[in-house]
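Chains as they are written, first to last, in our numbering: chain F, 1 to 315; chain H, 1 to 485; chain L, 1 to 280.
Be a bit skeptical, because a hint or two may be false.
[Said to hold, decoys possible] Selected chain H positions facing chain F (Cβ under 7 Å, derived; list incomplete):
id, residue
1, R12
2, W13
3, D281
4, Q282
5, K334
6, D337
7, N418
8, D431
9, T432
10, G433
11, K435
[Unchecked claim] Ranges between beta-carbon positions, derived for each pair:
id, chain 1, residue 1, chain 2, residue 2, range
12, L, E194, F, A80, 35 to 45 Å
13, H, G153, F, T258, 15 to 25 Å
14, H, E313, F, D177, 56 to 66 Å
15, L, Y138, F, L161, 31 to 41 Å
16, H, E313, F, D208, 48 to 58 Å
17, L, G60, H, E210, 36 to 46 Å
18, H, V47, L, G60, 28 to 38 Å
19, F, H47, H, P372, 17 to 27 Å
20, F, A135, L, Y138, 45 to 55 Å
21, H, R157, F, H47, 54 to 64 Å
22, L, G258, H, G153, 11 to 21 Å
23, F, I247, L, I271, 52 to 62 Å
24, F, L161, L, T9, 31 to 41 Å
25, H, R455, L, E194, 36 to 46 Å
For the record, the hints were derived by calculation from the structure and aren't laboratory data. Since this is a predicted model, take the numbers as computed values, not measurements. Glycine is no exception: its CB is placed at the ideal position from the N, C-alpha and C atoms.
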Amino acid sequence: MRRAPAQIVRSRPWAGTVSGVNRQLVHVDRVGVEERAASLGRRSIKHDAKRQGIRLAISMIDLTTLEGADTPGKVRHLCAKAVVPDPARPEVPSCAAICVYPALVPVAVEALDGCGVAVASVATGFPAGQVSLDAKLQDTRDAVAAGATEIDMVISREAYLRGDDRRVRGEIEAIKDACGDAHLKVILETAELPTLAHVRHASQLAIDAGADFIKTSTGKARTGATPATVLVMLETVRDHSWRTGRIVGVKAAGGVGTTKQALHMLVLVKETLGDEWLTAERFRIGASSLLNDLLMQYAKLESGHYGRAEDFSKE
Amino acid sequence: MTVVTGQRTPVRWDYAPAPESRGAASLRDRYDLFVGGAFVAPSDGTVVTTTNPATEEPLAEVGFAGPADVARAVDAARAAQPAWQALAPLERGKVLFRIARLIQERARELAVVETLDGGKPIKESRDFDVPAAAAHFFSYAGWADKLGHALGGREWRPRGVVGQIVPWNFPLLMAAWKLAPALATGNTAVLKPAETTPLTALLLAEICQEAGVPDGVVNIVPGAGDTGAALVRSGVDKVAFTGSTAVGKEIQRTLAGTGTGLTLELGGKSANIVFEDAAIDQSVEGIVNGIFFNQGHVCCAGSRLLVQESVAEEVTRKLWDRMQRLRVGDPMDKNTDVGAINSAEQLERIRALVEVGEAEGATRRSVACELPERGYWFTPTVFLDVAPASRIAVEEIFGPVVTVTTFRTVAEAIERANNSAYGLAAGVWTDTGAKAFEVAAQLRAGVVWQNTYNRFDPTAAFGGYKESGFGREGGPSGLLPYVVV
Amino acid sequence: MRRSLVAKTYKLYVGGRFARSESGRSDPATSADGAQLANVPRSSRKDVRDAVKAARAGAGAWAGATAYNRGQVLYRFAEALESRAEELARAGVAQRALDAGAARAELDAAIDTLVHYAGWTDKLAAVMGGINPVAAPYLSFSVPEPTGVVAVLAPDEPDLLGLVEAAAPALAAGNSVVAIVSRRWPLRPLDLGEIAAVSDVPAGVLNLVSGRLDELLEPLCGHRDVNALVDATGDAGVAEQVDRLAADTVKRVSRPDGAGSLTRLEALVEIKTAWHPVGT
């Protein structure tokens, strides 16, 4: 005999699920955004402009290693590279920061002591963020206590995609609080957001919750900092600065692997926000292999010949 | 009225000069008329020097056709027409396919010459004019043996010999828009490029030779207004004209009672309408593209911005910010966004109307930037608080000047947009589909761009209502003017 | 001493690559008078499965390309075929004992067919689609879209022209194709794969398999991921089998049989109609 399914009785079915207010999204037209982003990628950057652009891009890099296999040795080598990217060319600036997992923060802090390169740490259950708020807060406090001056957190996509903006915002505010004096970058993981309008919306949410920087991606998802995504985020921070006077930076992470892509990012910043924003205080590129491509292109400008990867060490 | 000009902020990173190499194009000292498959000197015409409007330097000498030259060209076209019509349709199509492929092969050269001769930025000639010209020939090549499907199965024949007059704003592309459908349908053509931009049409003549176009099927007769008038009166079976409304009306008068086929693609004062529920940042791009693309030398330019009052401040602030990022200067620099004004005459017309605008009381803002010493320049300009009845809101300026007028309701926007003798194009910016389609249905304009502007395709018909002209170019409708059904 | 010729190994053209049959089998290809010319792969049901898989993989990008781009690819296909026309005409004489003039005429017709269909790609929408003037405040429009993966049974003769005439409409409409080439004269059709490969035809958009019809008919025409069948064999027995196999997944079946190009195209598209309210 078949059993009837259990009855689930609620005293008030569907209670609380009709809020009366849909999420308000600023209209963003993807085709228009892609066209503008692509046309800015066709700027011709040559000679001195390219040289200067490469140096600028290097100065904005958060040199990153986020692998299960990271060890103190690897991190020390990376720190040395971040401080002096090309020993043969001392005019090449240091990177802006190193970005590592919390467990390796002490190693980075020691290696970079007095070098002018910041120590950034991911936190909050990076990259998926599928842990409790308590765990996220502890993760953050540990990194700050170990000496990280920048924290890269992930938003709860689980909450965002459910439509629970309040929870997303509350978490960011709590993490910001736990950061103390450290500055907070909020990773939106744009590859997991449904549309560019959501990128804009999530950006604004993070800004309103106290983010110092909004960041595109963890680098662990399908796509990262596409030009279209970055453009939308730049427009969002621009409008915010016009409205309130507060500056929030943008970090493009994931998928920026070549000099051409890095220069495209700089063009997006320059032509959306102006030259004042071409500084590591307001724009960062999260990258690992990009640095060597920048160095190779820089060397090519001197020698006039196409380069080879072996001339530059990985760390 | 004080002119408020924008202050540029200090530059931290500038683009180095990125000049396109002139070496891609080796210009001859002298170009002649293309008649009957050969280059021939004018017999009763003149020789004129064509100059680069960005530098005022001479580029080449060009033969301008006199009335006897025009008559010879028409005779050559007349003689070639029966054999061209008698060719198997696919064979006609294959000639046009070859022209398209050759344009692609000589793309760089054509782009450079177009920029030197006309003043438009090299990135536009390279990325838009030349590829679009190739695509137009490619698309119409494919119609040559499929005309039954375009003409509803009706019996048809070509008009015969067509006289075509094209303007200086898209010289090569307009020549393609004219020649491709004419040839595909079995007509032969005499085409007059504009006085200030004859060169790319003459390069197209070389391409026609290489593509195996039979002698006399295509004839190119550069000249000024008098050459055009001679062509109109020469007894061709059809005239196709793109240019100013004033000249268009003159042509229509001249041909009255002659039974000559006529299509006109004239001026415009197109409204670009931004609603409060538009994607604002993208609409600003659309406004900029609509009026500053090709220095505003575009018949369908979005020269009247109609913005809903609730978002007027945000839109105008963003528009002004965006305008100041436009790079004005050497058209041969790959990073230039806005090039030179095509001629001293056109520059004077723009200046005069802008003065009128200031006198009428509108607030003028022009971008401040360093301009080259020589050449014809006008920096991107916006007029705020423009009254709908003012001259600058009514008359076509044909330059990088946009007027801004607010509206309150959908009905008001439509009414303002339609309140014009012109009716070429319009832009509608809203994220609400139903509104976009409703407004499009109500606008008396031949082309309505929803959430975009200045998009062109060989398959999409283009042409105006009212005094913006009649007849269409592009798509199957573009074939109709060239046949008799 | 007479120089030995480096004889050609004929291969299948699947997924943009050239492969032998996974079965390792081949059949002799003979000339008109029975002389051995070469071996051709005797495809198996697994080869057919792989071809359909490749066709499906290539179908999305091809359907998503602009009509202009598809037209340019087909035109380039025509250019590439023209560049080998003399060689293929001579091969037709050698293989099929054709008259030289007839062989050249067949090549000319094949090239012109490709040019003709290159010119159709951006015109289908205008001819087959349009706005529907519905009696309600809606914008309603209908557009032709590619049906997807099209199986083509090419005729035995003419080997080259017949394959081009049967496959080009499918390609022009944005579909990808798996064709069983002429059974009696498979060599020149397989060469067509080489020509497609140099013409920017994306991988998987055109797939050519050789083999025995009785072994390949069922796996191809019964494959659930094939959307339409073009039966150009002219064989009544084949027709009955094909129709029956098609019924299983409601495949669209067409028999061109001298039909004009628009008729062939119409059989290989789906009409999609959309509606949207109009009003403020």
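Verification of the hints:
Taking 7 Å as the C-beta contact cut-off toward chain F, the hint placing R12/H at the interface holds, the least distance being around 4 Å. Annotation: W13/H was flagged as interfacial toward chain F, and the flag holds, the nearest CB pair being 5 Å apart, inside 7 Å. Because the beta carbon of D281/H sits about 5 Å from the nearest beta carbon in chain F, less than 7 Å, this interface hint is met. Taking 7 Å as the C-beta contact cut-off toward chain F, the hint placing Q282/H at the interface holds, the least distance being around 3 Å.
The closest approach between the C-beta of K334/H and any C-beta of chain F is roughly 4 Å, which is under the 7 Å cut-off, so the hint is satisfied. With a least beta-carbon distance of about 9 Å to chain F, the hint placing D337/H at the interface is violated under the 7 Å criterion. Residue-level restraint check for N418/H is violated (minimum Cβ-Cβ distance to chain F is 25 Å; threshold 7 Å). Interface restraint check: D431/H against chain F, minimum CB-CB distance 4 Å, threshold 7 Å, status holds.
Given the 7 Å rule on beta carbons, the hint for T432/H is violated: about 9 Å separates it from the nearest Cβ of chain F. Interface hint at G433/H: violated, since its Cβ lies 12 Å from the closest Cβ of chain F, which is beyond the 7 Å cut-off. For K435/H, the interface hint is violated, since its Cβ never comes within 7 Å of a Cβ in chain F; the closest pair sits about 12 Å apart. About 54 Å separates the C-beta atoms of E194/L and A80/F, a value inconsistent with the hinted range of 35 to 45 Å.
The hinted window of 15 to 25 Å between G153/H and T258/F is violated, with their beta carbons roughly 55 Å apart. Remark: the range hint 56 to 66 Å for E313/H to D177/F is contradicted by a beta-carbon distance near 36 Å. Distance hint check: the CB atoms of Y138/L and L161/F are about 32 Å apart, consistent with the given range 31 to 41 Å. Distance hint check: the CB atoms of E313/H and D208/F are about 22 Å apart, inconsistent with the given range 48 to 58 Å.
Taking the beta carbon of each, G60/L and E210/H are about 38 Å apart, inside 36 to 46 Å as hinted. Distance hint for V47/H and G60/L: a CB-CB separation of about 57 Å, inconsistent with the stated range 28 to 38 Å. Look at H47/F against P372/H: about 20 Å separates their beta carbons, and that is inside 17 to 27 Å. In this structure, A135/F and Y138/L meet the distance hint of 45 to 55 Å, their C-beta atoms being roughly 52 Å apart.
Restraint check, R157/H to H47/F: a C-beta distance of roughly 59 Å satisfies the suggested window 54 to 64 Å. Roughly 19 Å separates the CB atoms of G258/L and G153/H, a value that falls within the hinted 11 to 21 Å. Take I247/F and I271/L: their Cβ atoms lie about 54 Å apart, and the range 52 to 62 Å holds. The hinted window of 31 to 41 Å between L161/F and T9/L is violated, with their beta carbons roughly 54 Å apart.
At about 39 Å, the CB distance of R455/H to E194/L agrees with the hint of 36 to 46 Å.
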